[in-house]
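2 protein chains.
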Amino acid sequence: MPNYKMIIQYEGTKYKGWQEQKNTDATIQGRLQRILERMSKEEIDLQGSGRTDAGVHARAQVAHFHMRAFGDTEKMKAYVNEYLPEDIAVLKVELADDRFHARLNAKSKTYEYRIFKGDKPDVFDRRYVFPIGEKLDVGSMRQAAKYLEGTHDFKAFCGNRRMKKSTVRTIVKIEIEEIEREIRLRFTGNGFLQNMVRILVGTLVEVGRGERNVEEMTEIIESRDRQRAGALMPAKGLTLMEVKYR
Amino acid sequence: MPNYKMIIQYEGTKYKGWQEQKNTDATIQGRLQRILERMSKEEIDLQGSGRTDAGVHARAQVAHFHMRAFGDTEKMKAYVNEYLPEDIAVLKVELADDRFHARLNAKSKTYEYRIFKGDKPDVFDRRYVFPIGEKLDVGSMRQAAKYLEGTHDFKAFCGNRRMKKSTVRTIVKIEIEEIEREIRLRFTGNGFLQNMVRILVGTLVEVGRGERNVEEMTEIIESRDRQRAGALMPAKGLTLMEVKYR
Chain V
1 MPNYKMIIQY
11 EGTKYKGWQE
21 QKNTDATIQG
31 RLQRILERMS
41 KEEIDLQGSG
51 RTDAGVHARA
61 QVAHFHMRAF
71 GDTEKMKAYV
81 NEYLPEDIAV
91 LKVELADDRF
101 HARLNAKSKT
111 YEYRIFKGDK
121 PDVFDRRYVF
131 PIGEKLDVGS
141 MRQAAKYLEG
151 THDFKAFCGN
161 RRMKKSTVRT
171 IVKIEIEEIE
181 REIRLRFTGN
191 GFLQNMVRIL
201 VGTLVEVGRG
211 ERNVEEMTEI
221 IESRDRQRAG
231 ALMPAKGLTL
241 MEVKYR
Chain B
1 MPNYKMIIQY
11 EGTKYKGWQE
21 QKNTDATIQG
31 RLQRILERMS
41 KEEIDLQGSG
51 RTDAGVHARA
61 QVAHFHMRAF
71 GDTEKMKAYV
81 NEYLPEDIAV
91 LKVELADDRF
101 HARLNAKSKT
111 YEYRIFKGDK
121 PDVFDRRYVF
131 PIGEKLDVGS
141 MRQAAKYLEG
151 THDFKAFCGN
161 RRMKKSTVRT
171 IVKIEIEEIE
181 REIRLRFTGN
191 GFLQNMVRIL
201 VGTLVEVGRG
211 ERNVEEMTEI
221 IESRDRQRAG
231 ALMPAKGLTL
241 MEVKYR
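Top to bottom, those sequences are chains V and B.
FYI, my numbering numbers position 92 of the first sequence as 92, with every residue one higher than the one before it.
FYI, my numbering numbers position 30 of the second sequence as 30, with every residue one higher than the one before it.
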């Protein structure tokens, strides 16, 4: 059965996240699956590279699905886009290797968190940034980020307390860019736990405020205790930017 | 009485344009004036650099107003921003020369029209671009634009048929930039008539489609006949980018 790879963009504001849920139509996966099923008259299992939380955006989420009916990928893309609402768009559909799996084959993911310096965010970006309204010391945030890079047990940064699987992940790099009116934090890693990026940002913001020391990062990691890490940042500032494959 | 200069950003989607109107609260000028009046307990006459049509956006609209009460401009800005909806923001308030007039002293204005190549616009920019879904010949659009630059009677490009004042304007330059997924048209001039930029873009799009010759531009200008020019483009693609003063 042909295997298709799909690249999807969405504004998460109105959705309860990527993952399909019972009793709601407001998930990205659910919306896409329903349109693919209507198109193919088959039952479709759309597998994303990973879940995104409610309110989180994606510039290039990747998913795959098997479909018996073989169709022109450009026509499939046009069909799906026609039935999707304005805040979800398919950027690409292509035939993939039979064994391609959007989640299992993902080599790295990049997330970006945008902090707007000021109380009132830029009108045009207001749905994609979190306004902080206070000065942050970006230098010490960068130093703290160095302690977070690498392979660690990130249990302290996991929003799911009942997580049974491994909480070890590798953060390849954290880049913190300061531009005129924003601070942008980019996380690239082999995978991220539930809420992990937003808790990492919350912790770094507390460093930027001077409420925490740079060196505390190691203690937090070692504690494996969610209580020790910083606050969960709001979803609106977070965007899944890229998923890379082998 | 102190004279203040204000720089304002707005997403025009939900508004009936800049200019205050009776029987509606949905104008940018009206919203701002009401907040300034509540703050100062004075009657305020907020003068913009010019009107923008319903649905048109602004990155940096400029306005001025006189206010008896003298206040800290940073506090004034914070007060107004607090009461404004999310889609309007004051970027700056500053004391201006007594004789400063946002409309009469404007030396040039720059508008940008964004055309998205494709049927389904980028999710994050969907409110600010117009999706065209067909190929345009940007080279001939650039050639045609050269004929439109300069000082001309732009009556053929004026949306207001009952316009009694002069319809002579100077377009200093038209830049057409083609990037990966968009064509951006930037118009800089000493002033623009009602709907003028959107009709200019509509005419250039018809050139890009091959429906009009480049040389026709001169005939259209000389005709002074709205019927000869192209279609009015949708407001959502248009943004007032900058107003310059002497």
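These are computed hints drawn from the structure, not numbers from a lab.
Wrong hints could be hidden among the right ones.
Intra- or inter-copy, both count: the list cannot distinguish identical chains.
Below 27 angstroms or equal to it, Euclidean Cα-Cα: the simulated DSS-like pairs (lysine-lysine) are [what the hints assert, rightly or not]:
no., residue 1, residue 2
1, K135, K16
2, K173, K77
3, K14, K236
4, K135, K14
5, K22, K41
6, K117, K92
7, K41, K146
8, K117, K77
9, K173, K236
10, K164, K75
11, K5, K117
12, K41, K173
13, K155, K41
14, K135, K75
15, K236, K92
16, K135, K92
17, K135, K77
18, K155, K5
State the violated hints by number, sorted upward, taking the hints as numbered earlier in the document.
Going through the list in order, the structure violates hints 1, 2, 4, 7, 10, 12, 13, 18 and respects the others.
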